[in-house]
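Asker: One letter stands for each residue in the lines below.
Protein chains: 2
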Amino acid sequence: MRVGILGYGNLGRGVENAIKQNPDTELVAVFTRRNPQDIKINSNAKVVNVSEIENWKDKIDILILCGGSATDLPEQTPKYAKLFNVIDSFDTHAKIPEHFTNVDKSAQEAGKVAIISVGWDPGLFSLNRMYANAILPEGVDYTFWGKGVSQGHSDAIRRIEGVLDAKQYTVPVQKALDAVKNCENPSLTTREKHTRECYVVLKEGADAKRVEHEIKTMPNYFADYDTTVHFISLEELKKNHSGIPHGGCVIRTGKTGSNKENNHVIEYNLKLDSNPEFTSSVLIAYARAAYRLNKEGQKGAKTVFDIAPCYLSPKSGEELRKTML
Amino acid sequence: MRVGILGYGNLGRGVENAIKQNPDTELVAVFTRRNPQDIKINSNAKVVNVSEIENWKDKIDILILCGGSATDLPEQTPKYAKLFNVIDSFDTHAKIPEHFTNVDKSAQEAGKVAIISVGWDPGLFSLNRMYANAILPEGVDYTFWGKGVSQGHSDAIRRIEGVLDAKQYTVPVQKALDAVKNCENPSLTTREKHTRECYVVLKEGADAKRVEHEIKTMPNYFADYDTTVHFISLEELKKNHSGIPHGGCVIRTGKTGSNKENNHVIEYNLKLDSNPEFTSSVLIAYARAAYRLNKEGQKGAKTVFDIAPCYLSPKSGEELRKTML
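Residue numbers (the working numbering), protein chains in the order written: chain A, 1 to 325; chain B, 1 to 325.
Calculated directly from the structure, the hints in this document are not laboratory data.
Using N, Cα and C, we set each Cβ at its ideal position, and we do this for glycine too.
One should not assume that every hint holds.
[Claimed, not checked] Here are the simulated DSS-like pairs of lysine-lysine, each with C-alpha atoms no more than 30 angstroms apart in a straight line:
#, chain 1, residue 1, chain 2, residue 2
1, B, K40, A, K299
2, A, K299, B, K299
3, B, K40, A, K260
4, A, K82, B, K322
5, A, K295, B, K181
6, B, K40, A, K175
7, A, K315, B, K181
[To be verified] According to the in silico footprint, chain B covers these stretches of chain A (three or more CB under 8 angstroms from chain B):
#, segment
8, 13 to 20
9, 68 to 77
10, 87 to 97
11, 133 to 144
12, 212 to 222
13, 264 to 278
14, 306 to 312
[To be verified] Listed next, the stretches of chain A that the computed footprint assigns to chain B, with coverage defined by at least 3 CB atoms under 8 angstroms from CB atoms of chain B:
#, segment
15, 119 to 126
16, 188 to 198
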């Protein structure tokens with residue numbers, strides 16, 4: 001499977017690494033909006049300006065779109081689904097139906113397969129929500145995130161005057177998790193589910209009290225949470241907070257039995273040292289599925305719900321039944 | 001969807017309950033090898049001797065086989081796949097390839113869909129092994145069972161002379177679980193993974209010492225495990241050990257990154273008050289899938305690996321994308 005990557009940030013580099021772990025895949029080109037000569041990649045693939053992408057129509061089997069959901073993907077995925085089988089990790093939950101419609105139109109017309117919103121949330125978490133709901137129709141869903149770095153919240157802190165750098169961790173509240181797993185079906189407010197821990201490096205002379213107040217009262221981002229602010233040195237931030245870990249869990253609790261007397265807990269849990277590298281690993285597995293489905297004659301936009309699990313694996317049906325069932 | 005059940009034990013009763021939780025399904029007949037008049041069911045469906053099952057060919061959309069894997073299903077699933085779409089929970093892992101071949105032949109010829117080995121292991125655990133392996137190609141798999149009742153081990157104890165009744169719990173070893181989740185990639189012996197807890201009621205005058213010795217030294221069942229034997233009264237057994245709870249977890253730990261420096265943990269966890277009722281709930285979801293796939297013109301034997309998740313849910317693709325992605 002000949003793979004192209006569009007966008008060489010954390011996610012693009014993650015896909016490059018993931019390809020090395022999957023012998024049936026080969027990276028042939030990295031497409032960029034920058035000057036290709038400014039980009040040094042860690043493999044033998046070509047680096048190509050995106051303006052030339054049409055020339056690669058018959059040279060790659062799948063294009064993995066590694067841009068952002070805010071502005072890149074709403075434009076890129078419908079555009080490139082006209083030329084290639086594509087995968088994206090579009091994660092603006094509220095806009096997924098609209099994105100699906102746009103991508104589907106292009107992919108149907110071009111006879112390509114486009115799998116959107118691939119990753120872990122949306123993605124693996126969605127799958128687990130769906131399976132658990134189908135199996136336990138009478139129940140309650142919970143999703144917890146973290147402990148992990150929220151890029152958006154870290155950026156929000158960095159925009160405050162007097163802040164040199166910052167990292168924000170989203171942390172699930174253990175008490176809430178315990179109540180959920182204990183089948184107490186709690187109704188949880190935003191504040192009861194997650195706390196926010198901020199590690200902040202101040203510019204010289206900045207007023208720590210004011211910065212802390214601005215963080216804790218920031219609407220949408222922090223005001224609804226119990227937020228802790230730690231002021232640390234730049235060295236400490238680099239030494240202890242340079243990673244991009246994340247994770248979380250999806251839990252569904254449900255009841256069965258003639259008197260609904262039996263409780264069941266289905267829990268899916270991820271603990272990830274690198275959010276973008278794990279997401280990339282999911283992207284490559286679904287890239288394999290898109291390529292195979294297209295070879296079978298399928299086309300159009302799809303999500304993780306539409307893909308039979310066996311398409312993700314390089315193993316044959318026979319091997320899977322023998323070794324994993 | 002008109003459902004038939006073959007076999008009215010714990011699993012059959014579980015399916016009957018699960019149907020009540022799924023408004024798009026209807027139980028129309030329970031087939032039995034016993035005298036139908038001896039069986040009292042908890043719904044308005046007909047109870048029919050299995051000898052008359054052929055008359056129901058056009059009256060049910062899917063037959064759920066609720067027999068045992070040792071002798072019932074190897075014969076029943078290929079036999080009834082000639083007449084109906086069928087689902088079974090065949091769980092003799094080593095014989096799955098052979099069972100698949102037999103069932104596939106019948107289902108292909110008859111133009112029916114037969115989904116085999118549905119439940120949680122094999123079933124949901126298999127799915128999670130497969131997804132996790134496809135996503136993290138470089139990693140290690142672990143499966144732990146329990147805490148839960150092993151019917152086979154309880155039966156083995158009951159066959160010992162002097163035992164009136166018994167219940168055996170399989171319990172995962174916390175230290176092993178912790179090491180796995182901590183990405184230590186331990187190599188674990190049988191003894192290091194699970195312990196066995198036995199609650200035994202003796203017949204009057206039985207020799208407790210001898211019974212305990214016979215349990216602990218029983219080959220295959222107990223000799224390779226750290227086994228604890230508790231002698232209790234029949235009242236206590238009935239009061240505290242009458243349920244059939246089970247569960248367990250599938251964990252895959254894997255590495256990514258240019259130097260394999262990042263660890264990831266994917267964990268799927270089930271905690272079930274009633275093993276047969278939960279298994280039944282999985283069966284009904286896959287019954288929906290089999291029926292739909294057959295309506296789309298598909299046929300032959302399939303496993304959980306072959307079924308796109310959306311087929312399990314009564315919701316439309318649009319609804320799923322809007323509410324669960």
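Asker: Checking against the hints above, which ones are violated?
Answerer: 1, 5, 6, 9, 12, 16
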